[in-house]
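A.B. asks: So the chains spell out like this:
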Amino acid sequence: MTYQFNFGWLAEYLPVLLGGIRVTVQLIVVGAVFGVALGIFCAWARALGPKWLGAIVGAYVEMIRNTPFLIQLFFIFFGLPSLGVQMDELTAANLAMIINLGAYSCEIIRAGIQATAKGQFEAGASLAMSPFQTFRHVVLLPALQRIWPALSSQIVIVMLGSSVVSQIAAEDLTFAANFIQSRNFRAFETYIVSTLIYLALSILLRQVLAWTGRMIFPRRLAR
Amino acid sequence: MNRRHFILTGCAAALGVLLVQPQAAMADALSSIMARKTIRVAVPQDFPPFGSVGTDMAPRGYDIDMANLIASKLGVKAELVPVTSANRIPYLQTNKVDLVISSLGKNAEREKVIDFTTAYAPFFNGIFAPPDFPAKKVEDLAGKTVGVTRGAVEDLELTKIAPASLTIKRYEDNNGTISAFLSGQVQAIATGNVVAAAILEKNPPKKPTLKFLIKDSPCFIGLNKNEPALLGKVDEIIAAAKKSGELNAIAMKWLKADLPADL
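Line order of the protein sequences matches chains A and B.
Going by this note's numbering, the first sequence opens with residue 1, and the numbers climb by one from there.
Going by this note's numbering, the second sequence opens with residue 1, and the numbers climb by one from there.
For the record, the hints were derived by calculation from the structure and aren't laboratory data.
A hint or two may mislead.
What the hints assert, rightly or not - Distance windows between CB atoms, simulated:
id, chain 1, residue 1, chain 2, residue 2, range
1, B, A164, A, K51, 53 to 63 Å
2, B, P205, A, M87, 13 to 23 Å
3, A, V33, B, L213, 46 to 56 Å
4, A, F7, B, K160, 44 to 54 Å
5, A, D88, B, S72, 51 to 61 Å
None of the values given here were measured: they were computed from a predicted structure.
Ideal Cβ placement from N, Cα and C applies to all residues, glycine included.
Excised from the complex, chain B in its bound form (with noise of 0.2 Å):
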């Protein structure tokens, strides 16, 4: 062997070495947390009210609720890493962070890659009305006026199931969709309860109340694979958090309605 090939060899070995360095270190996620006293935590901050920046420029909203409860459960600090939908599964699976608590669904594709925790946060599509407008099934709209954002997964699911009677009335974005309910132009919107949230927090005359259920697509929190550790601590905090009444009292201030006694 010369003197090149020693290099070369070496070079390899010490690049080979580096890669496996994370993996090493990914062993026990749940033990590398309580050793650092830090748990990253990957949060959105451009989808309100899960999560946004507020006027003094700090996160807030229900998923850095959730991340601070998470840690303070653990007795360690939240460093919270701000992602977008698009970066928040890459960022956890190059160990950039511990967790994804990021409006998270659970689909197919994404559990080959990562691992779910038990749900912890509502998200669901329904029709919305005041408290005194009587339905509670698809059945019961015949002859109203609903009134739904084109195009939305709520517009597709409603068209489907809508009795013929019922007249879908179809607006360009959700705040058409919200203006027409507000005005009065329909009796009832089909929507997301983020979306309703948003009109209960500017305290309107007109109060949308879920009546029933179109979809219902909960948050999840990811972790990576083979944790069953970290698993299995988060699954007990979330656990004792629905007990207790502290992840309703999350709910209640970012969505303005109680857990689904379901989640």
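With the rest of the complex left out, here is chain A (with noise of 0.2 Å):
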């Protein structure tokens, strides 16, 4: 190989790669915890709630589901705008994630409340509780402790999928590459160092995600 290495610009430029990190962390943390929250919501909707309702989040997840996340982005940036709904990038890149997540982890949220044992529900009946007392103490932490791995894979996936946000000119991690490559020319490592940065991002995001699990569910899964 005769690649001549060069890593001399990244003292010049790690103020902006360190940005970068935290508009790409400030992105998933926002995104995680109001994604979730909807997708919590969500499935409650499509698997408990009244028909109607569920009828209305099946079309919204559906939509978000099969359409690219790119596509959603500009929707909102680019042409929310037409409507009267301005909003800076960052608002943008934070709802769109928050829609995206959300649809997500509605299915993968419903697929934890659906298989929750039915004498579940009439145990929680039979202490005289209402439907939605039932839901929240004794249906949903066990059923997002059960899919608690696939939630937290999703979560990763959109912390990923957050690349695409440089599109709107957010300035996120991987705007702070593309910016570093136009100025540097030094493509090859440039892109060495924001991937080595986004897999450190992505195994301490799983670190996080693990340790949260330990503590929202102390006690092991019934078998």
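Starting from two chains that each stand alone, build the complex the way the hints lay out.
C.D. replies: Following this line, the structure appears as structure tokens:
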């Protein structure tokens, strides 16, 4: 191999990279928290909620799961201003990620809810709990525990997918890499560095999610 | 001298004549154009609005109109030779064309190998914004948001001169920059006059008008060195067309803007 590696630019562009990491982390934290919250609500609506609400949520889920994330992002950022809804690129990116993760996590969490044994619902009812109380206190946590690994993977996928927000000039890690690459013309080195950062972020995120799981679900799942 | 030597020498001599022949024909390009009653012009075919192929498969654009204008002033027929930006100068050097009218910019390396006429078309990067946007110089952009295509010349130049409070939004390609401008995500854009003309052609509600220049590199017509007669004649035609408004009409047609006064 005759390629001459050169990482001399790293010091100069470190602030750009750090800024990019900060935005990517902010995007995934906001996206994961609100996206999963939206997913729990949608999963309840589809699995246990009133029929009309389930139909609306079903349409939303199918719409989002069958269109590309980039197009959803463009729709929000470039399309909505025509209807008078204007937002900056970070808000648009956050919103797109919440809507996207909401739809995917809805289906994952719904699987967890529907895997709940019928006896659990009956047990709740026999203790004079309302359907919502049964959902809140009996069904939800074990359901989340069942699908936690799948949900964690989806959150990591959404974080990696967030790289496309650079297309609307949101200054995330991918934007930082592209920006540096267009200044130093060191594509190979720049993308090696950004790849390693993404890898580290993914591993870190999985650890944080596993730790969160241990916090929320102290007991082992009954088989 | 034996027979083989004789043949070899003869071949070499014939080859020499063949090699010298085009040089001799090039002695005065203007008179050979007039004798041929045709001027061969290298034009772009993949660079609208300067040159592209229309829906009727005929070449159209600023450079094509310019070639036809020069031909009609000379009273000859224009033969349009489509070229790419990489081969336009070799076409001229190998005498396949008489003129290169192909959005050609002037620089020191090119000036070593070919001659240039006076400028015939504006080509520049600048800040474009709707007519009511107040900005006359780069300092006026303080506190504003400007969109630009990442890594383009205008990105690098604007980054150098931008006031600290100017927010620069960098998009992946020209389409992103244009969409950001039209949807109001940025107040102004830094781009080329050609891109601005392409936006104007779509007749959008927000019209990008030039606020100030970032980098100016107008287009020149290229021709072979040591052709003072042709150079003088083409310069004369350009000057007359500027004065009569014919060149301005071409600019209005293809670039949707008047010729800059200093061109």
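A.B. asks: Against each hint, give a clear statement of whether it holds in the structure.
C.D. replies: Hints, one by one, checked against the model:
no. : hint                          : verdict
1   : B/A164 with A/K51: 53 to 63 Å : holds (57 Å)
2   : B/P205 with A/M87: 13 to 23 Å : holds (20 Å)
3   : A/V33 with B/L213: 46 to 56 Å : holds (47 Å)
4   : A/F7 with B/K160: 44 to 54 Å  : violated (24 Å)
5   : A/D88 with B/S72: 51 to 61 Å  : holds (53 Å)
When each numbered hint is compared with the structure, a violation occurs for hint 4 only.
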